[in-house]
Amino acid sequence: MFTHNGVIILLTLLVAIMASIMPLPLSVDAFRPDWVLIVLIYWCMALPGRVNIITAWVMGFLLDVLLGSILGIHAAAMAISVYIVAENFQKIRNFSVWQQALITGVLAALYHLVVFWLQRFLIDVTFLSSYLYPVITTIVLWPWVFYLLRKVRRHFSIK
Amino acid sequence: MASFESFRGYLQSLVSPLQYLANTPKQAMTWASTNIATRQQLMTENQQFRLNELKFHEQTMQLNIVKQENVRLRSLLASPLRSELKKMVAEILAVDSDPYSHQVVINRGAGDGVYEGQPVLDASGIVGQILHVGQTTSRVILITDISHAVPVRVQRNGLRLLASGSGQIERLNHNFVPQSADIKIGDLLVTSGLGGKYPEGYPVATVSFVSSDESKEFVRVYSTPIAKIDRLRYLLLLSDAEPVSIFAPKSKQKKLDAQNKAKNKTKVTH
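Sequence order for the protein chains is A and B.
Here the first sequence stands for residues 1 to 159, where the numbers follow my numbering.
Here the second sequence stands for residues 160 to 429, where the numbers follow my numbering.
In case anyone wonders, no lab produced these hints; they're calculated from the structure.
Glycine included, C-beta positions come from ideal geometry on N, C-alpha and C.
Mixed in with the good hints, there may be bad ones.
[What the hints assert, rightly or not] Derived coverage of chain B by chain A (criterion: at least 3 residues anywhere in the stretch with Cβ under 8 Å from a Cβ of chain A; other residues may be distant): (1) 168 to 179; (2) 256 to 270; (3) 296 to 307.
[Said to hold, decoys possible] Going by beta-carbon spacing under 10 Å, a handful of chain B positions derived as facing chain A: (4) Asn-182; (5) Pro-184; (6) Lys-185; (7) Leu-252; (8) Ala-253; (9) Leu-290; (10) His-291; (11) Gly-326; (12) Asp-389.
[Stated by the list, open to error] Computed cross-link-like contacts, SDA-like style, restricted to lysine to any residue with a CA-CA straight-line distance of at most 20 Å: (13) Lys-185/B x Asn-94/A; (14) Lys-387/B x Leu-24/A; (15) Lys-387/B x Pro-23/A; (16) Lys-387/B x Ser-27/A; (17) Lys-214/B x Val-225/B; (18) Lys-151/A x Gly-6/A; (19) Lys-387/B x Leu-26/A; (20) Lys-245/B x Pro-358/B; (21) Lys-159/A x Asn-94/A; (22) Lys-245/B x Leu-222/B; (23) Lys-185/B x Lys-151/A; (24) Lys-185/B x Met-18/A; (25) Lys-185/B x Pro-23/A; (26) Lys-245/B x Lys-375/B; (27) Lys-343/B x Ser-306/B; (28) Lys-343/B x Gln-294/B; (29) Lys-246/B x Arg-392/B; (30) Lys-185/B x Ser-27/A; (31) Lys-185/B x Leu-14/A; (32) Lys-387/B x Pro-25/A; (33) Lys-356/B x Leu-318/B; (34) Lys-387/B x Ile-342/B; (35) Lys-185/B x Lys-159/A; (36) Lys-185/B x Ala-30/A; (37) Lys-185/B x Val-15/A; (38) Lys-375/B x Ile-342/B; (39) Lys-159/A x Arg-50/A; (40) Lys-343/B x Thr-383/B.
Start from the sequences and build out the full structure, keeping to the hints where you can.
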């Protein structure tokens, strides 16, 4: 993990986790993008040998503890979403950035729905359409995150 | 089950540096805004506080007399005296939580004597109870959470109800209220002390809606929490018994349990 500047990957994931628990005003809080998922998707697509389902599970588990949800819910959702990327990384790499953004959106929607379904199964939560608002911001954010992380990867020549 | 709770406690302790770190920008902003205040602002605030202090001072004097009177009357009735509750002030760490549940993180943990199930208040009423305890932070579940309920009674007539969270910040539900129940909009609901988690007599909510459909078996009753659930900053933790840390060795816990049992027995024999 730490050879070839692998520690930078961990740092980006840590920043993503901070961004996802940082307090925001109530009006924009519902639109908070899925920072951790988006960063995981990029790394899994770029370096599937280093970041894969296990990393995703661990990150999701950390989120579970930080957000106070039932242990394993975010972990499972994150692992399932990243599994799809890990399985198709060669295809996704060849798409244009906007096509990738749409795929990220679909994955983010899947992530939120898995979290919702599991919560629904365990405690009786009701569905609000606001649970899917982050998908929109995640799609918009993808190109920026993509170019930024690519720059980071090339600059530190992470392999 | 107990060992799993302590496992979760360790996890909570493990991630608390992250939570403190995520809280720092907000803290810096608050520090800046409190430090950059004009003299005029400070003076008006100071005056306001002086007035408040005067008012509260007068109320305390009255309260002392009422307290003494209450003790005397209770001893006349030969009913058990109420013990003073220990209080601890905690501040909310501004970190985000799961959108599916209503929780907040506070800056006190097992190291400060916080224990699971401890009741949490703000200046105006009941806020919730401690859910998970870490070494330096803990998590509070709010009364509006969908998996939480508080035993309450109507202050006006002592009618017992259950206030369960609705998942919405401004509403509590009351299920299984019979049609014959005497309940009106504006009634104050206070904790009843049943269930043993919350001490008796603290305000919880005011009734905001009572359905008048008499064809139904039960009345639909909603109420609004009195505590400003979405504007919390400082919280009060109450404790009466000697708290037991989840990180404490098992023997200590057993000893305390034994003590409690002995206490209960003596009460029964009285």
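Quiz item: For the pair supplied as a hint, Lys-387/B and Leu-26/A, is the alpha-carbon distance within the 20 Å limit?
Solution: holds (15 Å)
Practice problem: Take the C-alpha atoms of Lys-185/B and Ser-27/A, compute the straight-line distance between them, and say whether it is at most 20 Å. | Solution: Status holds; Cα separation ~17 Å.
Quiz item: Given the proposed pairing of Lys-375/B with Ile-342/B, does the C-alpha separation stay at or below 20 Å?
Solution: holds (16 Å)
Exercise. So, Asp-389/B near chain A? Judge it on the closest CB pair being under 10 Å.
Key: Interface hint status for Asp-389/B: holds (7 Å vs cutoff 10 Å).
Self-check item: Lys-185/B paired with Lys-159/A [C-alpha distance capped at 20 Å]
Solution: violated (36 Å)
Quiz item: Does the structure keep Lys-343/B and Gln-294/B at a Cα separation of 20 Å or less?
Solution: Given that 20 Å is the threshold and the Cα spacing comes to 44 Å, the pair is violated.
Quiz prompt | Hint consistency between Lys-387/B and Ser-27/A [alpha-carbon to alpha-carbon, up to 20 Å] | solution = Holds, because 18 Å separates the two Cα atoms, which is no more than 20 Å.
Practice problem: Would you check whether Leu-252/B satisfies its interface hint, that is, whether its CB is within less than 10 Å of any CB in chain A? | Solution: holds (9 Å)
Quiz item: Quick one, are Lys-387/B and Pro-25/A close enough, alpha carbons at most 20 Å?
Solution: Judged against 20 Å, a Cα distance of about 16 Å means the pair holds.
Practice problem: Go check the region 168 to 179 of chain B versus chain A for me, would you? Three or more residues, Cβ under 8 Å, otherwise it fails. | Solution: holds (count 6)
Quiz item: Between Lys-246/B and Arg-392/B, does the CA-CA distance stay at or below 20 Å?
Solution: This hinted pair holds, its Cα atoms lying about 16 Å apart.
Quiz item: Once the shortest beta carbon distance from Ala-253/B to chain A is found, is it less than 10 Å?
Solution: holds (4 Å)
In summary, the numbered hints that this structure violates are 13, 23, 26, 27, 28, 34 and 35.
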